[in-house]
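**Student:** So the chains spell out like this:
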Amino acid sequence: MGVAALEPVIALRSVSFAYDGSRVLEEVDLKIAAGEVACLIGPNGGGKTTLLKILLGLLRPTGGDVRVFGLAPERARARIGYLPQRSDLDRDFPVTVLDVVLMGRLNRRLGRSYASTDRRMALSALEEMELTRFASHPFARLSGGQQQRVLIARAVCGEPDLLLLDEPTAHVDALTGRRLLDGLQVLSRRMTIVLVSHDLGFVSPVIDTVVCVNRRVRVHPASELTGEHIRQTYGADICMVLHDREVGHGEAAGRCPEESRGDD
Amino acid sequence: MIEFLRALANPDLPFLRYALLAGLLASVAFGIVGSFVVVRRISSLAGAISHSVLAGIGASLYLQVAAGCPWCRPLYGALAAGLVAALAIGWVSLRARQREDTVIGALWAVGMAVGLLFIARTPGAVDPLSFLFGNILLISRADLTLILALDATVVIAALLFYHRFLAISFDEEFARARGIRVELYHLLLLCLIALSIVLLVRVVGIILVIGLFTLPAGLAGLFARRLWQMMLAAIAWGMVFVTLGLGVSYARDLPTGPVIIVIAALAYLAGLLVRRLLVSRARSAAATQIAP
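As you go down the protein sequences, you meet chains H and E in turn.
Mapping the first sequence onto the working numbering, position 14 (from 1) lands on 14, and the numbers just tick up by one.
Mapping the second sequence onto the working numbering, position 76 (from 1) lands on 1076, and the numbers just tick up by one.
If we strip away everything but chain E, and leave its shape as in the complex, we get:
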């Protein structure tokens, strides 16, 4: 770990600092939005959105390299594709009740397929793997500015609509009867998911990003009594996982995204065990209280 700290301070390795900063910033958005994903049980929708992002990345790479539009950076493509996918998938989830999971599964695959086709036609050595699983070496200073702006947008929107998102997640029917426009907020939440995904495309990639929605929030949800407590804990856990993951991957020369996800998953498993212990201890304590 000391080695990692030294590397962070090394002026020749700016990408490490960028990656850590991106990860820490993204943890805030992921803790908040991820908590909504977990309590609203829409991780399959989030998964579909993240995979569809590849279509935008592929298209913008193609435009950048083959069609000569230098301003068309992959993150912009990811952003546009993420928002389009969020609206399309949201619309499907609202309209196609019976066949929802079929259509979502199809969009999931089509998004990736389109992205891979674009990448295949893009001359030069573009490695699709770096987008699928993340590659912190590719983070630039300009990316960081975009990440900061997206992060602020997501956090502000999520806090502004906190009570509404909570209400539609807990009891959609009642929220609707209270005059809340459930469809609108459902779509808005999916758009916030899309923005968050774009934040971490570079660090963990579009395939593994779903784990950062569900694992920190899931772990936090095991012990939280209220949604905002779950969010705070999820943010903290996210930051721990990202930092540890970067450190381990640097020290052991392993890919960053998978290391972060494995660490998060191990922590989640440990959390499950701890909760089981706590529950059974509480039960036996209650039993001895009742017994004279």
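Next up, chain H with everything else stripped away, as it sits in the complex:
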């Protein structure tokens, strides 16, 4: 990773985005270096998901310049792995776990079924998420946390250099969340990761940079983050724990108070 670090993986210059006239993002400047793990935090509707979608080229900014690996986002897609915000996927959808992971290897050639390399990559991604024995299980039968890990395997099985995760720890219990984080730690050795999370105290052991997103964007090294920054971003007091203080596994890490779980 160190060699490629000269050019930032993500470079946003005064990026703005408006949806139906209301400004979601304003004058956002952001640089994320190769190998970095950045966490986007901020209130619901603050623009976190919008920012990720701009990085994927799914949304076009109303102003400013977006570069991912020095390219326009649409052209960088092949190098990006993506975990969408957990929408209500059909509980009865007839697919196996392996089918789902293979979707991460979907390519441009028509009609072709997956090659043996695709299968191998999908299985190794499952192995990394410790889900190998579920490969031929119906996806719908898995627990929420297992499903989330399958979707992460789908995101990484295309061998991306940049991984974008929208709320990977949402709807997942604490124990599963910790396993997820262990998985992320392994992945962070070979790719740049940007994740959206509400549980800052929870993800803090893994992250290098905290990006506070609330229409505007402020970047902090994780170790410098103070309650004042959080107060500015969320507009309210929340309690949190800095990642340079080790918290025993049994103790409850500092948690954000109840946030309004409105529409994002």
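Read the hints as simulated data drawn from the structure, not as lab findings.
Heads up, some of the hints might be wrong.
[As the list claims (entries may be wrong)] For the chain H half of the interface with chain E, some residues (derived, Cβ under 8 Å), not all of them:
#1 Leu-56
#2 Leu-89
#3 Asp-92
[Claimed, not checked] Computed Cβ-Cβ distance ranges for the label pairs, DEER-style:
#4 H:Arg-141 to E:Thr-1153: 32 to 38 Å
#5 H:Leu-89 to E:Ala-1285: 23 to 29 Å
#6 H:Ser-136 to E:Leu-1159: 21 to 27 Å
#7 H:His-220 to E:Arg-1281: 52 to 58 Å
#8 H:Ser-136 to E:Ala-1285: 17 to 23 Å
The beta-carbon is built from N, C-alpha and C at its ideal position, and this holds for glycine as well.
Dock chain E against chain H, hints included.
**Tutor:** Structure of chain E alone, referenced to chain H:
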């Protein structure tokens, strides 16, 4: 049933053989496309397309009889109207997010209204009911050729784009991020739906055809683990329903389309019951395993 088999072999009753052949052929397209309709949850779009087909049928009947264009057969009109409706409805479903169901409902009704107006102005005894509910007596040899061609088109296209259709049905957002042109495949799928509808206009009619998209695939989906398994089972169920339906309707002198749909619906209900039993049995088995 023996009576039905004898009738099938009777050279004076070619329409029965044509109807059975059309139904069996169509079951293949319906099993495949219907599975996509069910997992992508677009049966209301499929319903709107099928009803709009009447506009094309009406227009082509009018041209054929009143304007003197003998080549303008109703199936061609149905084909054209189905494709136009698929694109229009697809465009609406992509653009008018907030008011989608309002606009779809309107197109649904307008398509039928236009068709009925054309039929009303067409001289001669054209019975709109035969298009609404199907009439196997009207199937001709030429129809069968068209049906075979459409069937092949639908099946080949669906298999060619299988992985893409699967991806956009399972997780549209992710598919888009993988560079799949979701809008394009959405429209293509709706066009395949339109082609399939035209296949069965004669046998079950445009109102009941929606049941053959959802019921065999829905029944198959109750037990399938993977999409292609669902498709194979849906094809088999479709063939069973069509054959049984034709047999019963012939033996009891009942309209074919409604009989096929009622049989399919009963089978679907039975399927729901069986699945419920299986699930509760599996649960209690799991419970006894956990208990020492």
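**Student:** So, against the hints stated earlier in the document, which numbers end up violated here?
**Tutor:** none
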